[in-house]
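Enquirer: Listed below are the residues making up each chain.
2 protein chains.
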Amino acid sequence: MLQTQHQSDLFQLLRIPSISTLPDHKADIRKTVDWLRAYLNQIGITDLQELYAAGMTWESNHPVLFAQKISNPELPTLLIYGHYDVQPVDPVSSWLSAPFEPEIRDGFIYGRGATDDKGQLFTHLAALKELSEEWGEQWPLNIKILIEGEEEMGGENIAALFAQPEMQELFKADYGVLSDTEFLSAEQPALEYGLRGIAYMQIDVKLADFDLHSGLFGGGVRNPANALAYILTNLYDSETGKILIPGFYDDVIDIDAAERANLVSIPHDGAEFLKQAGNAKAPFGESGYSTIERTSARPTLDINGIWGGFMGEGAKTIIPATAHAKVSMRLVANQDPQKVAKLFADYVHEIAPSGVEVSVIEIHGGDGALIDRNSPAMQAAAKSLEMVFGKQPVFTRSGGSIPVVALVKKHLKIDPVMMGYGLPGDGLHSPNERFSLSQFENGIGCNKQFYRALTQL
Amino acid sequence: MLQTQHQSDLFQLLRIPSISTLPDHKADIRKTVDWLRAYLNQIGITDLQELYAAGMTWESNHPVLFAQKISNPELPTLLIYGHYDVQPVDPVSSWLSAPFEPEIRDGFIYGRGATDDKGQLFTHLAALKELSEEWGEQWPLNIKILIEGEEEMGGENIAALFAQPEMQELFKADYGVLSDTEFLSAEQPALEYGLRGIAYMQIDVKLADFDLHSGLFGGGVRNPANALAYILTNLYDSETGKILIPGFYDDVIDIDAAERANLVSIPHDGAEFLKQAGNAKAPFGESGYSTIERTSARPTLDINGIWGGFMGEGAKTIIPATAHAKVSMRLVANQDPQKVAKLFADYVHEIAPSGVEVSVIEIHGGDGALIDRNSPAMQAAAKSLEMVFGKQPVFTRSGGSIPVVALVKKHLKIDPVMMGYGLPGDGLHSPNERFSLSQFENGIGCNKQFYRALTQL
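Residue numbers (this note's numbering), protein chains in the order written: chain A, 1 to 457; chain B, 1001 to 1457.
Don't read these hints as lab results, they were simulated from the structure.
Just so it is clear, the structure is predicted and the values come from calculations on it, not from any experiment.
The C-beta atom is built at its ideal place from N, Cα and C for all residues, glycine as well.
Simulated restraints, written as ranges between beta carbons of each label pair:
hint, chain 1, residue 1, chain 2, residue 2, range
1, A, Tyr249, B, Gly1247, 32 to 42 Å
2, B, Asn1262, A, Ser93, 52 to 62 Å
3, B, Ser1265, A, Glu313, 41 to 51 Å
4, B, Trp1135, A, Glu313, 38 to 48 Å
5, B, Glu1239, A, Leu22, 38 to 48 Å
6, A, Ala282, B, Gly1247, 23 to 33 Å
7, B, Glu1059, A, Ala282, 34 to 44 Å
Straight-line alpha carbon distances no greater than 25 Å define the calculated DSS-like cross-link-like pairs of lysine-lysine that follow:
hint, chain 1, residue 1, chain 2, residue 2
8, A, Lys275, B, Lys1206
9, A, Lys129, A, Lys172
10, A, Lys448, A, Lys129
11, B, Lys1242, B, Lys1281
12, A, Lys410, A, Lys339
13, A, Lys448, A, Lys383
14, A, Lys69, A, Lys409
15, A, Lys206, B, Lys1281
16, A, Lys172, A, Lys410
17, B, Lys1413, B, Lys1069
18, B, Lys1413, B, Lys1339
19, B, Lys1206, A, Lys242
20, A, Lys281, B, Lys1206
21, B, Lys1129, B, Lys1448
22, B, Lys1242, A, Lys206
23, B, Lys1069, B, Lys1031
24, B, Lys1410, B, Lys1339
25, B, Lys1275, A, Lys206
Construct the complete structure from the given sequences, taking the supplied hints into account.
Expert: Next comes the structure, spelled out in structure tokens:
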């Protein structure tokens, strides 16, 4: 199939396996940043910096790439955010094509990062490329671009950068935009006004220095996997879906009547939801709330991974030396991740069974956010979407976490617009991640429309 | 260090990685059987057969090697049992020397199978080799040898063989002996008269066809790892250590006063027990019983392995598609593994949370056994141990499972003698498995003494 220049450029970016959480991919982080620098240079954005917060270095962190083109300080400034890192790819055997050999099938670009977030970030870079040809040297809008490399691992560097006053000055803007969210469906654009935060924890339970024979020691010592199961079960009411950590719900702002009315008005196809959920058999969650409410406006607790002992074929009759779980809580605006992490750790230690050592690590945290949907930039975004996609967007809340939104809101005092072009079923964080070709092409057009609208405000 | 011929022979056997549960090691099974055939031939036992039960083949199973030397049908016959298969070796990084490159350090032979069971089996082969030189062509005792290759994976083949009347005729003997158990300490020989059975199960919980983004789907569907933790926790009372499966204890014969008096008389060093348990911090088990009782005469339930979702470094924000656990129950004599497996499966299905698919597989089962400690063969064994090791053995119950003991008892109507030479701390099923050199050498001598004693009964 004949590729457009934009597709071919994006494919170059997708081929670099910039998995931020795996140390083996450090060289790919370098390649990705270099690729982005070259691309930005080519479209006339030559003021580039790789940023590290105080105390951080290339060895300890992945750089934040900052780029700007200030045509005239009197003009309004737009800050564009994206991230160049991607999630791991396991289980790799579930991919129909290799995760880092992007290919087009049935109108979709398949590959890790296709939609989260390389493909969506690239709709902005491509829009600027097209406009740079139209605008020439002097642009009617100042552009700042922040591209981070730790979004999938907690965003330590960018969070620390935003806390530094000189960086707040450097990033200062009148408007903000990012594309890391999704439409309700191919026919229904959406603008998100709420995001969940996160507190991501790890529990380690240790019995012994090595695995034990389950016949000789069974009945004599506490099995660490049994102990872990006990702890995990007591975090969460299996019947009602309520989280049992004391104080967990204290800071949650409940959904009021107006909010509920808006959320109820959003179309929801229960059968389609289950299909997108990997053909799950039934919905489940906190009692008293709808699926849309539970997946966007209510906090949750999920085991992200669990392991210990023998995981091979057949049988091995051991008591595991250790057992482990990764557990994350999605938080809503006003819940403080650090406070929740402490409540979690205190409670785990309190309920931990005797005879094993239990430790709790906070892997990362991020704030949730609620955005003003009536701001001029938000309304300009809504009009741009309607013009390009032919339908007014709905205003939704997302269940995901984009910590930078809370950072921008808090430190730059602006409400960034979340104008994402993903579609349900794109498989973020899953095998066979994809990005619709038409969303990609129309996304570029919509970004151009949005930038132009900002120059008219 | 200069090796004896016996050590050098055993090292050849230990070098073959005959892990029965891993299909990749099928060729090593062949090599091991061939090695044993050659050794037996060399010591004058030339009537050799590789046995498969009806419906089984080399492709489906590992052969049982049967060998016999019938010098005179009027003489008494001894059946010697051992197994040539070994456990997997993970985590391989915890081994100080490679698991299949045996070496001697500080008076111990280190390597997978050193004590369980290649090293102990070999004390019999070496004893026969020495006696064959003394006895010449006509032995004063008929010898039958059964060496299986599926002991560490459930022993399907040998169990089915024992159920066939023509095999019961082939295996028929007056006495039985096996060395797959251990002393109380290097100074205190032991003869075991009780073994636990086992029911080894796997629970698979499925939510979806692929992992899901925990932000977009968290709160919308049942997390399979949370559901698995719930099931596992409800199998077992974390406080009292009692198993909660209805009917589980129905067939358990409780420990009576005489039995308790014997078990109480066995020396037990609590600190040493914890040291052998990989430096565990405290004992734990079913309330109302001592550690010796709980680890040998009471049934238990242990998670042998648990896995699902992301197990790498850092964070991956997914809801796992599936979660899994291997769970085994050690049973005491009179508990039927098939009945227990059904109670387990029924209960798991009954308590399984909604919204996920739960399936239960029985991986293998084996009967426990209680042996008459006053039989002539048992008394002959006790005297042989006292002569060679200088101390009367104590009579103990083991917490492990040796399904063949129950098979021999049931189908051949004899009480096999469990004359094992292992020591606590030998690391069966663990990294750095070892076998004491002096136990190895004295074990050979003790076996010779025992065989001679049998010819005098």
